[in-house]
Amino acid sequence: MSIKRLPPELVNQIAAGEVVERPANVVKELVENALDAGARRIDVTSEGGGRDLISVRDDGRGIPPEQLPLALAAHATSKIASLEDLESVGTMGFRGEALASIASVSRLSLRSRVRGAEEAWVIRSEDGGVGEPEPTSGPEGTLLEIRSLFHNTPARRKFLKTDATEHARISELIQTIAMAHPACGFSLRLGTRTVVELPAVDDPRRRVVEVLGRELTDELLTVDFEGGGVTIWGLAGTPSIAGPTSKRQRIFVNGRPIQDRAIQHALREAYRGLVEPGRHPTVVLFLEIDPRLVDVNVHPAKTEIRFRDGGAIHQAVRRSLKATLAEHDLVPSLELGGGDRGSGSPGGRGPVRPFSATAHGATASYESIREGLEMPAHPAPFLGTSAASTTSDHESKTELMPRIGADVRILRVHAKYLFIEDEQGVLVIDQHALHERMMFEQLKARIDSGPLEVQQFLVPDMIEVDAASIEAMETLAPMLDRIGFDAGVIGPRTVAIRGVPSFLLSRNVEPGPFLRDVLAFGAEQGSVDDVEPLLSEVLDMMACKAAVKAGDRLNDHELAELIARREEIERISNCPHGRPTSLRISIAELDRKFGRS
Amino acid sequence: MKVVCDRAALVEALALAGSVVPTRTTAPVLGCIAITAADGMLTVAATNAEVGLTIGVPQVDIQKDGTSLVPSDKLTQIVRACEDTTLTLELEKSILHVHSEDAHFKIFGFDPKEFPGVKEFPEKASNCFTCSAKVLRRLISRTLFATAVENSRFAISGVLAEKRGKRLRFVATDGRRLAVAIGDVQGGAEEETFIIPAKPLQVLNKMVDDPDAMVSIAQEDSQAVFRIGEGADAAVLSTNLVEGQFPPFEDVIPKDQDKKVCFESAELGSAVRRAALLTNEESKGVRMAFSEKKLLLSSRAPEMGEAEIQVDLKSYQGDPIEIGFNPAYLTEALRVVDAPEIEIELKAPNKPGVMKVGADFTYVVMPVNLT
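Chains as they are written, first to last, in the numbering used here: chain X, 1 to 597; chain E, 1001 to 1371.
A couple of the hints might just be wrong.
[Unchecked claim] FRET-style restraints, in silico, Cβ to Cβ: (1) E:D1210 - X:K416: 21 to 27 Å; (2) E:S1222 - X:E276: 51 to 57 Å; (3) E:K1106 - X:K416: 45 to 51 Å; (4) X:A550 - E:R1024: 42 to 48 Å; (5) X:K416 - E:K1124: 52 to 58 Å.
Please keep in mind that the hints were generated in silico from the structure rather than gathered at the bench.
The beta carbon of each residue, even a glycine, is placed where N, CA and C say it ideally should be.
I would like the entire structure built from these sequences, with the hints used as guidance.
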């Protein structure tokens, strides 16, 4: 076979494979074009999973008739003209390949009327063959209709999922884009159903809340952060609304939705200990960063980007979220089950959920959202907060942990739970969970200032482990150093422990079995580049082993210390496994139960 | 059985016996002690699966012989709570009556035949050897504290007793420190080695309060039997031995330490205790910086504070060195050395330190890596 230059249609078809893998990508390209054209309203329709029809109509600037053929040509774009422009891309699209690629795998019609122009023009293309612009009628703006997508690339078509799946992706995509563009109205019709209808709004928060679901308003904390060359704004869900998938996590960089492992990691780190493993917090973050410090031209789909200083971004995201979470009292309040003796549930929140625990976040910073959502003029007390304390919450910008009185009496229940009065009602503490949390924070703080102290052994302690654990020793070695284990492999299945963290000894934790657990855990994780998350996990294990157990009788001194230090520990409300350490039964709830409200 | 006894003496005997009685039992009879009046003597006996104990009660007037088996905790509580100088114990069938001047208690007891019995001292055992109570007490107190409380390595949960001729050596370790104490004994076999569990040694330690009493030690049926005192009112404690191999400890005692310090034990103890005040669970270690004539102890508990204490040295040989130790390991030893002066030998920050009192006490302790 001789080498031949590929015909341009084929080049476009190949490129199409990169840009338009599936109908949702087509929608993405077209919607981004519409946004770049200054649209204030974008209506999207999809039929047959996007295979039969995708149409995107905007009210943007429009394309002059003489440029219509160019719009369908490869690497033709109005968005950048030179390499310098590429350095500071401010528009959504810029590569100038999308329309050409889409045109090459579909039957396309592009109708546009420039703002203020007398008439609209349309151009049609079929399998890459572009026709001539013809005058037609139509409103200002641009309408793109894509039919028979992938009809000439059967392989691609075969890989498409069911209509429902493709439509779900499109819906997901429109919602994500809508979050970043509150000033633009969006609608999405799938078949005959309108699934998204978002009017243009001034308030970005309102848009995000509308997309996530209005019922979550109370559980979303505002993130507002500036530092390390980044401005971060967004909403962070309380741990109670963490979901089983990461679907409710959306990250935008300069308005562009992206997927970035480092940022996702930072997010997990910020929520570490607050959310149970396997649950994903709800987080929407908008990062604003100097465009010159980001490379968006990594992948044609533009969902991956490269930061010039990834470490700084990671740190900024983590710090912004941690600060937001730490500022708010995350102790879930406990609603007592059973019938409500009061005069109906307050604020029309619906029926009382029996024994469900919901965190109530700070309410102060949410005024604007609530107003935007046209809540009642005098909002009824939020869950578990009496009217009086709600008022005071509104006055203070940040709601700190409610204080426990100085002469507090503690009721021990079954050597497991502690009941304490605080300003909002009764606090129920799980002694193991709280102590574990405390130990964890203590260890974490300690390990930042250097490795844990090692108590050397007179004679090494030998433990037998499996082959996978021996392998894990290598990966884990730097971490073992930091947590104070002096251990080495001395046989095919034998590890010698020469020294152990004195912390474990003082808490009467047997180091041999503990190290075996750590190695088994490490073996499960396989080889990792970053031991940081592992370190947290291992400190969790340490804290759990060292903490008082349910059933251990605490003496008065230990109790007092546990309670006193509760307030010191940051984000004390969940144990490292994500279980709550405390629950609150509020006075309001008790009042309601006793028919006093 | 009828006996008039001195209440204080009875309290003491019951307290010792009570420390052997298991606290949680499956059958009530296991929580009982046997009180026997015979041959002009009153004895209290208690046993659990591991340890048996018989103690004579002095200052009694026996009016009628007999044996009563009653719950240990109730009798002890009653005898403690009474304020009389003397009490009268009288057995009627299986009921024990306790009479004081203004009170009368009836304690429902059990048939004495149900008492499992305690081991008598094997008078004729050829391996029997003797020492003074003072020697045994010192051996116990200088080693018992260093045993491993956790049970994972069974052999080191007890104290190794090793007799070589006229020398009896007690050795205890928990893997981080090792205590070796040596005392003089008489008689018995040339070589003996056995491991005594920690619990009975604690009881024994309370029983050897008269330094001049004679202690006899013998082994029989894989039990060790201790007799304190002589004649009919001698106390006897028997215990099962710990099975297993005590780790080879000789190699652990370093021989080439090149830095030698001499201390007043009390002064060092005080300094270490004070430095320990500013340590916490994650930062246990106390830093010891030795230089000529001076030791600087320092500690640091993050978010709490720091301590610095200076100690004058009686003498120092060798180069300056900085080494960290868990202060508890030092104070526990200093509390029991029972000597005005001690010597500490060091080599390197990551090598063991050795505390010595003459040739009778050697204590090896591993350092902590300070960070």
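Quiz item: When the hints from earlier in the document are held up against this structure, which numbers fail?
Solution: 1, 3, 4
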